[in-house]
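Number of protein chains: 2
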Amino acid sequence: MKRELGQQTVFFKNKPKIIGHYSIVGPKEGKGNLREYFSEIEQDDFFGQKTYEKGERVMIERALEGAVKDANLSFDDIKLFLSGDLLNQIISSSYAARKYDIPYAGVFGACSTMAESLALGACLVDGGHFETVACATSSHFSTAERQFRTPLELGSQRPPTSQWTVTGSGADIISSKGSGPIITCATFGKVADFGITDVNNMGAAMAPAAMYTLIAHFKDTKTKPEDYDLILSGDLGKLGSEILIDLMEDKGYKLGLNYKDCGQIIFKRNQNVLMGGSGCGCSATVLNSIVLKKLITGEYKRVLFMATGALLSTLSAQQGESVPGVAHAVVIEGEKNE
Amino acid sequence: MKRELGQQTVFFKNKPKIIGHYSIVGPKEGKGNLREYFSEIEQDDFFGQKTYEKGERVMIERALEGAVKDANLSFDDIKLFLSGDLLNQIISSSYAARKYDIPYAGVFGACSTMAESLALGACLVDGGHFETVACATSSHFSTAERQFRTPLELGSQRPPTSQWTVTGSGADIISSKGSGPIITCATFGKVADFGITDVNNMGAAMAPAAMYTLIAHFKDTKTKPEDYDLILSGDLGKLGSEILIDLMEDKGYKLGLNYKDCGQIIFKRNQNVLMGGSGCGCSATVLNSIVLKKLITGEYKRVLFMATGALLSTLSAQQGESVPGVAHAVVIEGEKNE
Numbered sequence: 000m001k002r003e004l005g006q007q008t009v010f011f012k013n014k015p016k017i018i019g020h021y022s023i024v025g026p027k028e029g030k031g032n033l034r035e036y037f038s039e040i041e042q043d044d045f046f047g048q049k050t051y052e053k054g055e056r057v058m059i060e061r062a063l064e065g066a067v068k069d070a071n072l073s074f075d076d077i078k079l080f081l082s083g084d085l086l087n088q089i090i091s092s093s094y095a096a097r098k099y100d101i102p103y104a105g106v107f108g109a110c111s112t113m114a115e116s117l118a119l120g121a122c123l124v125d126g127g128h129f130e131t132v133a134c135a136t137s138s139h140f141s142t143a144e145r146q147f148r149t150p151l152e153l154g155s156q157r158p159p160t161s162q163w164t165v166t167g168s169g170a171d172i173i174s175s176k177g178s179g180p181i182i183t184c185a186t187f188g189k190v191a192d193f194g195i196t197d198v199n200n201m202g203a204a205m206a207p208a209a210m211y212t213l214i215a216h217f218k219d220t221k222t223k224p225e226d227y228d229l230i231l232s233g234d235l236g237k238l239g240s241e242i243l244i245d246l247m248e249d250k251g252y253k254l255g256l257n258y259k260d261c262g263q264i265i266f267k268r269n270q271n272v273l274m275g276g277s278g279c280g281c282s283a284t285v286l287n288s289i290v291l292k293k294l295i296t297g298e299y300k301r302v303l304f305m306a307t308g309a310l311l312s313t314l315s316a317q318q319g320e321s322v323p324g325v326a327h328a329v330v331i332e333g334e335k336n337e
Numbered sequence: 000m001k002r003e004l005g006q007q008t009v010f011f012k013n014k015p016k017i018i019g020h021y022s023i024v025g026p027k028e029g030k031g032n033l034r035e036y037f038s039e040i041e042q043d044d045f046f047g048q049k050t051y052e053k054g055e056r057v058m059i060e061r062a063l064e065g066a067v068k069d070a071n072l073s074f075d076d077i078k079l080f081l082s083g084d085l086l087n088q089i090i091s092s093s094y095a096a097r098k099y100d101i102p103y104a105g106v107f108g109a110c111s112t113m114a115e116s117l118a119l120g121a122c123l124v125d126g127g128h129f130e131t132v133a134c135a136t137s138s139h140f141s142t143a144e145r146q147f148r149t150p151l152e153l154g155s156q157r158p159p160t161s162q163w164t165v166t167g168s169g170a171d172i173i174s175s176k177g178s179g180p181i182i183t184c185a186t187f188g189k190v191a192d193f194g195i196t197d198v199n200n201m202g203a204a205m206a207p208a209a210m211y212t213l214i215a216h217f218k219d220t221k222t223k224p225e226d227y228d229l230i231l232s233g234d235l236g237k238l239g240s241e242i243l244i245d246l247m248e249d250k251g252y253k254l255g256l257n258y259k260d261c262g263q264i265i266f267k268r269n270q271n272v273l274m275g276g277s278g279c280g281c282s283a284t285v286l287n288s289i290v291l292k293k294l295i296t297g298e299y300k301r302v303l304f305m306a307t308g309a310l311l312s313t314l315s316a317q318q319g320e321s322v323p324g325v326a327h328a329v330v331i332e333g334e335k336n337e
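For the protein sequence lines, the chains are A and B, in the order given.
Under numbering that gives the first Met the number 0, the first residue of the first sequence is numbered 0, with each subsequent residue one higher.
Under numbering that gives the first Met the number 0, the first residue of the second sequence is numbered 0, with each subsequent residue one higher.
In short, the hints are calculated from the structure, not lab data.
Treat the hints loosely; a few may be bogus.
Because identical chains share one entry, a pair is satisfied inside a single copy or across any pair of copies.
Straight-line C-alpha distance at most 20 Å; calculated EDC-like pairs for lysine to aspartate or glutamate [as the list claims (entries may be wrong)]:
(1) K12 x E130
(2) K78 x E3
(3) K253 x D228
(4) K98 x E320
(5) K218 x D76
Please put together the full structure from these sequences, using the hints given.
Here it is, written out as structure tokens:
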């Protein structure tokens with residue numbers, strides 16, 4: 000298909016702001032590069048529950064409750080909860096939503112979910128339909144591994160292109176009132192599929208979607224890569240990031256040192272994560288720790304946050320399908336810019 | 000939890016309109032009560048594909064293409080595709096989205112997805128973020144049965160409270176331009192769980208969520224059941240509808256003859272569907288056949304369309320969880336009302 004890029008970006012006039020945020024991670028992530036920045040590190044990766052899946056739900060609950068508290072709000076102030084996750088029928092999000100007396104709309108963009116929920120949430124706040132919404136997502140190494148790959152007990156060897164699903168959840172409160180970094184625009188991505196069929200090479204599968212979204216974004220906003228203090232992709236990992244840099248160079252865009260990938264920065268090199276971190280929680284916890292903190296202090300003025308998702312299921316892989324990707328992006332600017 | 004209902008309804012000022020719609024169903028649905036109203040009846044429930052799952056994807060593609068054509072538009076005019084379905088990681092929607100050169104945002108509300116996507120789509124059009132969006136969903140008896148219940152080859156006996164997943168897909172084009180029924184408001188539902196653990200009794204699991212959404216809607220809009228020509232629930236089925244009528248009566252609202260359930264009207268009594276139809280495609284194809292046609296001709300002036308979803312997965316059931324439900328609603332009014 001000949002792809003026309005552009006006209007994918009929505010500009011916000013009414014300054015939807017991130018007035019509260021929270022990140023919670025598991026023990027392995029808590030030993031990684033960003034350990035000083037997370038809101039909470041839990042040492043029990045069951046999160047006090049009997050199963051990992053119930054634990055993942057508790058992560059979302061704690062992230063949401065932490066973000067509401069960070070915004071100095073009560074749950075009565077939250078008018079809509081937008082959330083999704085990797086588990087079948089997004090049960091982590093839906094069962095978390097059951098706990099609260101707020102309307103809930105489930106979303107799904109695989110590991111692009113943090114950006115998707117922020118983009119939709121910003122639209123709803125900007126359009127005046129909701130004063131305040133909450134956006135969240137999560138992933139858990141053990142729930143993802145046993146749902147998508149192999150039983151944990153097998154201890155399967157991991158292929159060299161594989162990534163490590165982050166155990167973590169991030170949540171944001173977006174509001175037209177209050178104070179915080181501003182979401183100034185959102186670029187909604189198209190689904191891209193370059194025919195990758197290796198389900199252990201998600202970075203390669205998602206890189207084309209990331210390229211399309213970045214190019215559409217730069218065209219729509221008439222910006223260049225160097226106009227951002229940070230361009231952050233979600234979980235392309237080491238290989239996927241390199242592919243993205245190459246693909247962008249082919250199209251005439253040079254991604255410089257301001258380009259980083261959450262999957263590459265969350266873990267340390269000696270943590271045996273091969274190509275890096277992945278999962279909805281990867282970009283969600285990086286955004287909701289170091290990135291938002293630096294936007295708030297003014298160290299970053301303008302960040303392009305683009306989360307990337309691989310839209311497969313075990314069944315689509317079993318039926319011989321390749322892996323389509325999607326990437327959504329939001330621009331977040333420090334309030335001090337003004 | 001004490002539940003506060005109300006402040007869940009968003010009112011649209013800029014008249015987002017349904018300017019195109021389409022419904023496609025399988026052979027069994029094509030022998031049901033609404034056979035004259037569907038846009039397309041396909042006799043091959045593989046939809047020309049090798050697997051039912053690939054077939055379900057083709058259904059969404061045909062529904063989307065049909066709706067775009069019905070709106071007299073080309074795909075260039077569609078700025079965002081909002082879709083979700085019952086399959087793990089909503090692969091029917093995501094793989095369908097791969098075929099088109101338009102941005103895609105996945106949504107998930109189980110069988111409430113048609114209403115959720117219409118509600119979000121109407122917000123995005125009303126807020127001026129997108130001129131025209133497409134909303135769709137699907138379900139397929141054979142893909143749902145083998146994913147959620149038992150292999151088709153087993154021919155398991157069905158419990159008396161069970162429902163029959165509709166093979167069908169519906170799509171709508173919402174736009175600020177053009178002509179068609181107007182979405183005047185949307186009520187976003189809260190998750191409700193009354194402790195039903197029988198996964199063969201979805202109607203009972205979803206009825207409480209439907210009650211909460213209806214009451215919130217009536218409060219927010221200051222309307223009564225008799226103010227609508229039709230109040231349509233998604234797929235509560237015979238038992239779930241009766242529970243809803245009882246629950247509403249307890250709360251002081253009398254649902255009269257203008258209340259109907261898509262699951263109860265789509266099939267004929269002699270089609271051996273027990274409590275009736277279910278699945279995302281149930282409400283989607285009923286809305287996008289008889290209901291929109293009657294709104295267009297003026298036979299209906301004001302319809303309250305509320306789709307209901309059960310937010311479980313096979314794993315949540317295996318881990319002993321009860322089944323939470325959610326219901327979202329939109330009011331659709333004929334253009335001739337004005």
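Here is how each hint holds up against the structure:
1. K12 x E130: both (14 Å within a copy, 16 Å between copies)
2. K78 x E3: between (36 Å within a copy, 12 Å between copies)
3. K253 x D228: within (14 Å within a copy, 59 Å between copies)
4. K98 x E320: between (37 Å within a copy, 13 Å between copies)
5. K218 x D76: between (37 Å within a copy, 19 Å between copies)
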